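In case you want the letters, here they are:
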Amino acid sequence: NAGVTQTPKFQVLKTGQSMTLQCAQDMNHNSMYWYRQDPGMGLRLIYYSASEGTTDKGEVPNGYNVSRLNKREFSLRLESAAPSQTSVYFCASSEPWATEAFFGQGTRLTVV
Amino acid sequence: GENVGLHLPTLSVQEGDNSIINCAYSNSASDYFIWYKQESGKGPQFIIDIRSNMDKRQGQRVTVLLNKTVKHLSLQIAATQPGDSAVYFCAERGSARQLTFGSGTQLTVLP
Chain A
432 NAGVTQTPKF QVLKTGQSMT LQCAQDMNHN SMYWYRQDPG MGLRLIYYSA
482 SEGTTDKGEV PNGYNVSRLN KREFSLRLES AAPSQTSVYF CASSEPWATE
532 AFFGQGTRLT VV
Chain B
937 GENVGLHLPT LSVQEGDNSI INCAYSNSAS DYFIWYKQES GKGPQFIIDI
987 RSNMDKRQGQ RVTVLLNKTV KHLSLQIAAT QPGDSAVYFC AERGSARQLT
1037 FGSGTQLTVL P
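Order-wise, the sequence lines are chains A and B. In terms of my numbering, the first sequence has 452 at position 21, counting the first letter as 1, and numbering is strictly consecutive. In terms of my numbering, the second sequence has 1007 at position 71, counting the first letter as 1, and numbering is strictly consecutive.
Keep in mind the hints are simulated off the structure, nothing from the lab. Heads up, none of these hints are tricks.
PhoX-like, lysine-lysine: derived pairs with alpha carbons at most 25 Å apart:
#, chain 1, residue 1, chain 2, residue 2
1, A, K440, B, K978
2, A, K488, A, K502
3, A, K440, A, K502
4, B, K978, A, K502
Every value quoted in this text rests on a predicted model; they were computed, and no experiment measured them.
Produce the entire structure from the sequences given, and follow the hints as far as they go.
See the structure below:
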């Protein structure tokens, strides 16, 4: 049982480049989330998808877009990367009523 | 707005001692408060939660206390072990059922 799988694990981008972070879960969860984690700070919600076919902005959505491709997959896209987007990105999934979210291993992104 | 923060960024305890990690919150409308553990290089992992109408909940070696009067949450770990070394986050679930995380406390267990 893989849980939540994120790809890639590491990425270096140049300013202005674009990329998509992939996330897939095999727990049949309805809700999926993208967070970013910066040094000395907690996780901040970028976007979430309460169910297949819906997406909503979180606390820090600027500079990002998301796609809920199907119930399993939720991708995060950076259209024009900026150094301020250097961070560790975590995808998570849960049932909508649950307090327990399951997190992936994270993607460490550096924008130079 | 919502604010979930921690009193101490780091905590060192001797192996076998009890650990207490504290957290302050400001959103009285949160229905659940949750503790997560994050080991180095991994994603956060759920430890325990407490509903807002409770003041204490116990798990395996962990106890969470909620004091709504002073908006304070704490996680107590009994007989701390080396494997408990990690960053601990408190989080709260607001009216939209989204989790808001605090900034974390690094727990180091000394041999």
